[in-house]
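Mind assembling these two chains? They're in different frames, but the hints should get you there.
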Amino acid sequence: SQQGEEDPQALSIQEGENATMNCSYKTSINNLQWYRQNSGRGLVHLILIRSNEREKHSGRLRVTLDTSKKSSSLLITASRAADTASYFCATDGENNAGNMLTFGGGTRLMVKP
Amino acid sequence: DGGITQSPKYLFRKEGQNVTLSCEQNLNHDAMYWYRQDPGQGLRLIYYSQIVNDFQKGDIAEGYSVSREKKESFPLTVTSAQKNPTAFYLCASLNREEGSYNSPLHFGNGTRLTVT
Chain A
1 SQQGEEDPQA LSIQEGENAT MNCSYKTSIN NLQWYRQNSG RGLVHLILIR
51 SNEREKHSGR LRVTLDTSKK SSSLLITASR AADTASYFCA TDGENNAGNM
101 LTFGGGTRLM VKP
Chain B
1 DGGITQSPKY LFRKEGQNVT LSCEQNLNHD AMYWYRQDPG QGLRLIYYSQ
51 IVNDFQKGDI AEGYSVSREK KESFPLTVTS AQKNPTAFYL CASLNREEGS
101 YNSPLHFGNG TRLTVT
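So the sequence lines, in the order shown, correspond to chains A and B.
Each step along the first sequence adds one to the number in this note's numbering, with nothing skipped, and position 91 is 91.
Each step along the second sequence adds one to the number in this note's numbering, with nothing skipped, and position 24 is 24.
Just chain B, same shape as in the assembly (with noise of 0.2 angstroms):
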């Protein structure tokens, strides 16, 4: 079955720390994003990218890093810079189409991050 898959499900990090979320996918998709939501909220973009090597900051962009070396995969750091960094993050991927955006996002599972 094609999917993303995030991993881990909890993540549990002391502060200072930095940590690295993993979204790998095996859609053959060119896009991918991360999403941060927070209790009760909607979703905020942190970083996305279109193609390989290159990615671009989203609403929300300091204290995370990212890199796209692999199509199929798509790592989020959080780091220590990041003043508030415990919250539910969510990794999609999107199949483009030339010069429109008629697909829909497909997400994983989430990965549930708390610092303390």
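Next up, chain A with everything else stripped away, as it sits in the complex (with noise of 0.2 angstroms):
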């Protein structure tokens, strides 16, 4: 069963835009993290963010969180042709024995130079 999902599924903009994606899940988190995978590569981690925080930054990148909302997004900015990939947001759950992600389904990202 997926707990996050990814919103837009797509998302195509011109270099130098902002980019925003967002992830909704079900359940009550510890992390919620963010990964890149460029086309039929591995996946990359990008950011991880704690349930008691809002927002983080790295680089490029803002995350936030929202708890209440149960959802978060990731905000790529001034962004570069470089960026085209797939962005997926994971989180495990708040009572996860196995230390287990789980997986949206994706946003795909084309940065149009």
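Just so you know, the hints here were simulated from the structure itself, not pulled from any lab data.
Be aware that one or more of the hints could be misleading.
[Unchecked claim] Not the full set, but computed from the structure, chain A residues with beta-carbon under 7 angstroms of chain B:
| hint | residue |
| --- | --- |
| 1 | Arg41 |
| 2 | Leu43 |
| 3 | His45 |
| 4 | Gly59 |
| 5 | Phe103 |
| 6 | Gly104 |
| 7 | Gly105 |
| 8 | Gly106 |
Yeah, the Cβ is synthetic: ideal placement off N, Cα and C, and Gly gets one too.
This is the structure:
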């Protein structure tokens, strides 16, 4: 079962614009993570935000978390063509004894030069 | 460099044959995971192992088997019982902190399996 669902499923923007992707989840969490996947490759971890945090920054990335709405957003500022990839949110369950992450379906971002 | 190696990158098999996908890590991580990814989809958990000689079923374990005889190795066998085996398979590992889940997953670059 998918815990997280990303929105939109696909996003196309021009280089230099900002890209915002949203993630909604269903159950309580300890933390939420965002990953990036280039076509045909493995996933790369971008950022982790804990359930007691509201916002986190890493370079051009900004992640917010609203536990009352069970949602998170990933903002990529000043996008570049190299940001073209799929982006996934992943959540653990609050009572996750198996240390498992559950991934959403991803947002496919295309940044046009 | 530490990392996760999946081999081969592409694998082709005839229907009815079992096939084993390799996953090796030199990160000294305790936990390892296998995920399946279908085109345009997210990841679904097949099996995971938190320690040597122990593993648990994930959401879609039917038709798959694993072993964890060594800390660094977690091979996945796709059996002939798996009805739709063609997919992209991703292996990952995790450095568990005691009592919490605060570490990211490290992924290999995947094996694309095609069964005809």
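Here's how the hints hold up against the structure:
With its C-beta approaching chain B no nearer than about 5 angstroms, Arg41 (chain A) sits inside the 7 angstroms limit, and its interface hint holds. With a cut of 7 angstroms, the hint placing Leu43 (chain A) at the interface with chain B holds, because the nearest CB-to-CB distance is about 5 angstroms. Below 7 angstroms, beta-carbon pairs count as interface contacts, and His45 (chain A) has one with chain B at about 4 angstroms; its hint therefore holds. Of the supplied interface hints, the one on Gly59 (chain A) is violated, with its beta-carbon coming no nearer than about 16 angstroms to a beta-carbon of chain B, more than 7 angstroms.
For Phe103 (chain A), the interface hint holds, the least distance from its beta-carbon to any beta-carbon of chain B being 4 angstroms, beneath 7 angstroms. Interface hint at Gly104 (chain A): satisfied, since its Cβ lies 5 angstroms from the closest Cβ of chain B, which is below the 7 angstroms cut-off. Here the hint on Gly105 (chain A) is kept, as its CB sits about 4 angstroms from the closest CB of chain B, short of 7 angstroms. Look at Gly106 (chain A): its Cβ gets to within about 5 angstroms of chain B, closer than 7 angstroms, so that hint holds up.
Hint compliance for this structure: hint 4 alone is broken.
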